[in-house]
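With the hints as extra help, turn the sequences into a complete structure.
Residue numbers (the working numbering), protein chains in the order written: chain A, 1172 to 1556; chain B, 2 to 294.
No wet-lab data here; the hints were simulated from the structure.
No incorrect hints appear here.
In silico DSS-like links for lysine-lysine, alpha-carbon gap of 27 Å or less:
(1) A:Lys1260 / B:Lys283
(2) A:Lys1433 / A:Lys1377
(3) B:Lys53 / B:Lys86
(4) A:Lys1173 / A:Lys1184
(5) A:Lys1173 / A:Lys1433
(6) B:Lys181 / B:Lys262
(7) A:Lys1386 / A:Lys1260
(8) B:Lys262 / B:Lys210
(9) A:Lys1262 / B:Lys262
(10) B:Lys283 / B:Lys242
(11) A:Lys1173 / A:Lys1377
(12) B:Lys204 / B:Lys242
(13) B:Lys242 / A:Lys1262
(14) B:Lys283 / A:Lys1262
(15) B:Lys8 / A:Lys1173
(16) B:Lys145 / B:Lys181
(17) B:Lys45 / B:Lys86
(18) A:Lys1539 / A:Lys1184
(19) A:Lys1260 / B:Lys210
(20) A:Lys1539 / B:Lys8
(21) A:Lys1435 / A:Lys1173
(22) A:Lys1184 / A:Lys1377
(23) B:Lys210 / B:Lys181
(24) A:Lys1262 / B:Lys210
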Amino acid sequence: MKTIYFDNNATTKMAPEVLEEIEPFFCELYGNPSSMHTFGGQIGHKIRHAREQVAELLGCEPSEIIFTGGGTESDNAAIKGTLAAVPDKRKVITTRVEHPAVLAVCRDLENHGYTVVEIGVDKYGRLDLAELEEQIDDDTAIVTIMYANNETGVIFPIERIAELVTSRDVVFHTDAVQVVSKIPLNLSRCSIDLLSLSGHKLHGPKGVGALYVRKGTRLSPYMLGGHQEGGRRAGTENVPGIIGLGKACELAAENIEEENRKVKHLRDKLESAILKKCPDCRLNGDRDNRLPNTSNISFEYIEGEAILLLLDRQGICASSGSACTSGSLEPSHVLRAMGVPFTAAHGSIRFSLSRYNTEEEVDYTIEKMPQIVNRLRELSPFVAK
Amino acid sequence: MWDYTDKVRDHFFNPRNVGEIENPDGVGEVGSLACGDALKLMFKLNENGRIKDAKFKTFGCASAIATSSVLTEMIKGKTLEEAAKVTNRDIADYLGGLPEQKMHCSVMGREALEAAIENYRTGGKKKHELEGKIVCTCFGVTEKEVKRVIRENNLTTVEQVTNYCKAGGGCGGCQGEIEKIIDRIQGDKAKEKQAAVPKRAGKLTNIQKIQLIQQTINEQIRPALRAHGGNIELMDVDGNKVIVAFRGMCAQCRLTEFTIKDVVEAKLREFVGGELFVEEDKDSAQEPHNHRQ
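Next comes the structure, spelled out in structure tokens:
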């Protein structure tokens, strides 16, 4: 059975061009970039090139890029590294809908004497900017707000927020793992101080990411033991990962607008057909202000895990904000923060597409989805015959 | 991805006995849309008092549906006395086991069966009613039910209790209480395994006292407030006076003085010392703003 992969916000297929690029660095070109000999030193050139490729996509200087072990590490480093650099400030501002890589870090800080403020969202998942503005004070060390939400795809007005925050002399970090390669960025022209990205979300390898650190931003070294990455993130480089990330960024930069137009067309087709063909379902998020690849739909009276397993049997991969899929007992914190009723949150399904999806895959899913929904509704005690 | 047995998968993909019975002899309903799973079970008896037909309708995940399906198979042909002896363990065993986090599905099956039998015997309510003291307000689980899953499944940790009946899986505010119930029932057996909770201390130094207050706030109080969009911060400790500030939703709540403060005080007295009292630091409270709906 063919796999139809609509779970690209979880991870993406590595581009064949990326694989081709990194293969030699596992066996033949295994040198350490820090070595004095040519065999190792040549790898250093490759890493420099990768840094340039990432910088090109972000619109920043190569020296502003730190390679990390992934998005989660970038988020941890940004927040903890900033706090360590400004020990006299004890307040952190974030949102209620962040990815756990930010939210869990902030909540842990709370146990260490920091005041953490989580800004809420409205029913469309939009931030309350007035509340944010009100909360920034002299004690605020960092504001960390995601660029776009991984579950709903809702995009926050990050450039405006960055302006707002940095004009008050507070460091601004954004988790942009879902955005890089989907929205064109030019960091040299906006006020973002720190930005996290992840390789495997943009058709690069897993286990590698980057943190953009604007020149002049104070960030304490967080991994000691070597001179790598300017001494801030020591340790011998993940050479194949970094080179793969560079290549993935180059590919993304090449045709970001064209690819995203195509992906958006497929997403819109899938979404509008499902909403039309399945009664009692609703779209979660801000319809006009979303990533081009993400659609989050709630199906009333049925439960997400059951939907996923029936989709899985048809070869279709998606994800859900239901409680059962996570092993916790409560549905997605993002949908709850938006005030999506529990009844709808339990039956939420996220489809996230990529440039590798096709029209046929979308058509096939449009055909299967209503059957699956009907089948589970026949089992549900909440649906009258 | 869950590691479901072939039998669970079979009963999920091909559920048996789906639907409703006309003029059933007994009907049992448990769960709700809000809880994430719900089961409506009905049966009809033959002239010998044995279950002739059983049908179900279920809202829930794969294991909830599979559990309901096997339950109808298991009880067919049984007398009500025999059916009443079916435990959640029996249901899980019949499926070749369930993932630990899904054991509550088997408990839901047993509860629905009991409610249906009760409905037949008394002609009364079909809904599984909550009786006695409620331990977990998030999921509406009573002390009686918590005790029962502990006894029937020989549970020794809060995590297990959550897996089996959901209690403690919401805001987490009742985990301390569940711990105590386990303690009472299992005695020393539970002590060996249980995770560290703040122990009520004897004579504390000031530093120890402040640390224990902070720990109690972190582990026992904050999770419950968080669930309602609020938060708490320890501002200072002055002798026996604990000064706290409420944040988020809590800060604007007019009832603060009568409710949250009392809860905080009760928890601190329970885990740190009976002489403590709580005062709210109003100066640091935030400007009130609108509750978002």
